[in-house]
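Visitor: In order, the protein sequence lines correspond to chains E and V.
Just so we're aligned, residue 1 is where the first sequence starts under the numbering used here, counting upward by one.
Just so we're aligned, residue 1 is where the second sequence starts under the numbering used here, counting upward by one.
Hints were generated in silico from the structure; no laboratory data involved.
Certain hints may be false.
Derived DSS-like pairs (lysine-lysine); straight-line CA-CA distance at most 30 angstroms [unchecked claim]: (1) E:340 x V:156; (2) V:156 x E:232; (3) E:382 x V:247; (4) V:151 x E:235; (5) V:151 x V:229; (6) V:229 x E:340.
For each label pair, taking beta carbons as the anchor points, the in silico distance ranges come out as [what the hints assert, rightly or not]: (7) V:198 x E:232: 32 to 42 angstroms; (8) E:338 x V:255: 18 to 28 angstroms; (9) V:120 x E:300: 22 to 32 angstroms; (10) V:255 x E:302: 21 to 31 angstroms; (11) E:341 x V:123: 40 to 50 angstroms.
Covered by chain V, according to a simulated footprint, are these stretches of chain E (three or more residues, beta-carbon under 8 angstroms) [stated by the list, open to error]: (12) 155-161; (13) 186-198; (14) 351-363.
Think of the CB as a built atom: it goes at the ideal place given N, C-alpha and C, for glycine as much as any other residue.
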Amino acid sequence: MTTIRKPVCSDCGWLETRTAADGRSLRFCVKHGMPRSAVDLLSEPCSDFRPLETTKTFPAQAPLPPPSPPLAPPPLFQPPDPDGFRRFLRDEKDFSLRPKLMTEREAVKRFIHSGDYVGFELYGTVRCPLSVVREVVRQRVGGLRLLGQGLMDADFLIASGLVSQLDITYVGYEAYGLSPILRRAVERGAIELAEWSNAAITWRMKAAAMGLPFLPARSMLGTDTLARSPAKTMKDPFTGMELTLLPALVLDTAVIHVHRADKFGNCQIDGISGFAVEMSRACKRLIVSAEEIVDTEVFRRKPERTVIPYFLVDAVVEAPFGAHPGETCGAYRRDEPHIKSYLEATRSEEATRKYLDETVHGVKDHAGYLKRVGASRLRALKVRPDER
Amino acid sequence: MSAEKANAVERLACTAARLMKGRTTVFIGTGVPMLAASLARALYAPSLIPVFEFGGVGSTLERLPLAVGESNSFRRGVAAMGICDVMEAAQRGVVRDGFLGGAQIDPYGNLNTTVIGPYGAPAVRLPGSGGANDVGSLCWRTIIIMKHERKRFVPKVDFLTTPGYLDGPGARERAGLPPETGPYRVVTDLAVFDFEPTSKRMRLIALNPGETVERVVAETGFPFPVAAKVARNADPTALELKTLRLKIDPEKVFL
């Protein structure tokens with residue numbers, strides 16, 4: 001029996017025959033699915049249909065350099081302990097419905113101690129709980145082990161010498177480039193690093209949230225990212241597939257900034273939620289800072305909107321513009337001039353110190369910080385409903 | 001519209017945008033991929049589904065996102081989810097094309113965004129993997145967008161952050177990465193490369209207008225095969241340039 005193979009495009013996996021107006025039969029790459037006017041921009045049939053032949057190698061093939069010595073994996077900064085976490089949640093966590101409103105100062109004093117493993121939820125400059133970060137810097141809580149899907153939080157803490165170990169996925173300013181503070185600290189060897197990918201670090205928290213010691217994944221395999229992380233690999237007993245094993249990550253204290261919370265700690269986030277869900281369930285203590293404190297009725301009316309229920313939360317801090325100079329989606333934009341001048345300052349240690357002296361140590365609290373920034377400037381950053 | 005010549009970034013964005021077709025899910029990283037996806041959606045791929053790593057899915061991209069987690073990454077989108085939703089979708093095979101950049105690339109399409117120099121004593125500490133390793137591991141195809149410079153196109157990356165074909169044919173599968181995945185194209189401001197099926201090494205398949213094979217050789221730190229027929233990329237059209245300059249990035253954040 002002969003198998004008739006449809007013409008297959010290596011690009012989209014499928015070609016479709018259509019009859020053109022003049023009666024010609026044309027093969028279209030279905031994936032194009034484009035308006036007629038765009039035809040001249042894309043070749044048809046799909047240019048990938050015929051595999052290309054190679055004629056020459058230019059210049060002649062040279063051997064690759066020899067492999068470099070294997071990289072030693074770093075230690076696991078926060079080893080998984082699911083049973084310990086269970087016992088902590090049974091014995092230490094108070095699930096009662098009680099008001100938890102407090103200031104940044106009190107929340108940091110009570111829940112962030114030197115040597116703790118901490119994490120701040122954010123994506124880039126978005127929704128980073130910077131009012132709490134600034135308070136940690138103000139109180140100089142040192143020897144922290146930090147979750148490094150971070151940015152200005154990591155910068156402030158590293159520049160103040162408060163971080164000893166960093167589980168890093170990404171610390172950088174996207175369009176604005178590298179973080180000079182991270183560069184200086186790492187190039188000097190001042191902090192110990194372990195490498196992860198964004199999915200890996202989130203799945204580590206997901207494993208903890210599920211009460212498991214690890215989760216398998218298909219990321220990081222075959223790379224130096226894996227070699228420079230304490231993750232391990234194993235063969236799956238069911239399929240024989242090679243998998244990365246990501247150790248569960250339980251944070252001592254997590255800090256998450258949300259759009260609105262009530263005094264008990266119920267939280268809503270507008271728009272994308274990043275890794276707030278996983279992080280809020282993978283920590284022993286949780287500090288929430290909120291743009292506004294609202295009545296519990298807001299949550300009772302729309303319980304499906306609650307991203308973090310109150311019993312996960314230990315402290316609620318009211319922090320309008322809590323992510324400034326970053327943004328909170330739908331509420332206010334990021335303060336571009338401030339961020340640009342901050343990045344300018346990070347180029348030298350002296351200017352960085354000066355920036356932190358003025359914006360962190362030079363003010364008493366978040367209210368003082370906002371006053372320093374100025375009400376009119378903050379008002380200008382607000383997103384109007386018609387701009388959303 | 002002035003007939004001003006396209007700059008390197010505009011060229012990269014136009015070539016990359018032409019690779020984004022029809023009803024595909026595309027994983028968009030920071031920078032040129034954002035420009036390219038916005039251009040593709042505006043001109044010839046209105047049903048493109050852009051996916052951003054922190055949870056934005058299906059944005060219309062009428063306003064250019066400047067970061068992978070900002071409002072425009074999910075503005076007028078079909079879903080605003082979290083990082084797990086998106087990464088798990090990629091892991092189960094839903095996300096077709098991933099667009100990435102890097103500081104260094106080797107002949108097998110491996111990328112480095114972690115350190116320049118030895119890991120223990122780096123000359124430059126870069127931001128790290130971020131979502132890049134996940135995109136390179138889990139999407140069906142990776143499309144790499146880079147500025148073509150000899151110091152970036154190196155025989156061996158200082159640190160292998162994101163997997164290409166690792167050290168050759170079959171290496172991805174041996175490491176456990178999902179089969180039938182890997183780098184598909186490398187788009188540079190000089191040329192376009194694919195990966196030769198037998199050796200999995202970068203192969204020159206198209207040149208930008210005015211560029212020569214010799215120029216590409218001079219700017220590439222390793223030998224590469226050349227396709228029997230090297231295509232010529234079309235110049236960015238007036239419409240593409242106008243759309244990029246006036247509609248997509250009038251404030252010239254990336255351009």
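Visitor: Decide, hint by hint, whether the structure agrees.
Guide: Hints, verified against the model:
Restraint check: the Cα-Cα separation between residue 340 (chain E) and residue 156 (chain V) comes to about 35 angstroms, which exceeds 30 angstroms; the hinted pair is violated. For the hint pairing residue 156 (chain V) with residue 232 (chain E), the CA-to-CA distance comes to about 24 angstroms; that is within 30 angstroms, so the pair holds. The straight-line distance between the Cα atoms of residue 382 (chain E) and residue 247 (chain V) is roughly 24 angstroms, inside the 30 angstroms bound, and the hint therefore holds. For the suggested pair residue 151 (chain V) and residue 235 (chain E), the alpha carbons sit about 38 angstroms apart, so the restraint of at most 30 angstroms is broken.
With a C-alpha separation of about 27 angstroms, the suggested pair residue 151 (chain V) and residue 229 (chain V) falls inside the 30 angstroms cut-off, and the hint holds. A hinted pair counts as satisfied when its Cα atoms are at most 30 angstroms apart, and residue 229 (chain V) with residue 340 (chain E) does not qualify at roughly 47 angstroms. Restraint check, residue 198 (chain V) to residue 232 (chain E): a C-beta distance of roughly 33 angstroms satisfies the suggested window 32 to 42 angstroms. Taking 18 to 28 angstroms as the suggested C-beta distance range, the pair residue 338 (chain E) and residue 255 (chain V) conforms, at roughly 24 angstroms.
For residue 120 (chain V) and residue 300 (chain E), the Cβ-Cβ distance of about 55 angstroms falls outside the hinted range of 22 to 32 angstroms, so the restraint is violated. Taking 21 to 31 angstroms as the suggested C-beta distance range, the pair residue 255 (chain V) and residue 302 (chain E) does not conform, at roughly 42 angstroms. At roughly 27 angstroms, the beta-carbon separation of residue 341 (chain E) and residue 123 (chain V) lies outside the given 40 to 50 angstroms, and the hint is violated. Remark: the segment 155-161 of chain E is not confirmed as covered by chain V, as 0 of its residues place a Cβ nearer than 8 angstroms to a Cβ of that chain, below the required three.
Coverage of the segment 186-198 of chain E by chain V holds [criterion: at least 3 residues with CB-CB distance below 8 angstroms; count 7]. Residues of the segment 351-363 of chain E with a Cβ under 8 angstroms from some Cβ of chain V number 0, which does not satisfy the need for three, so the listed coverage is violated.
The structure fails to meet hints 1, 4, 6, 9, 10, 11, 12, 14 from the earlier list, while all remaining hints are met.
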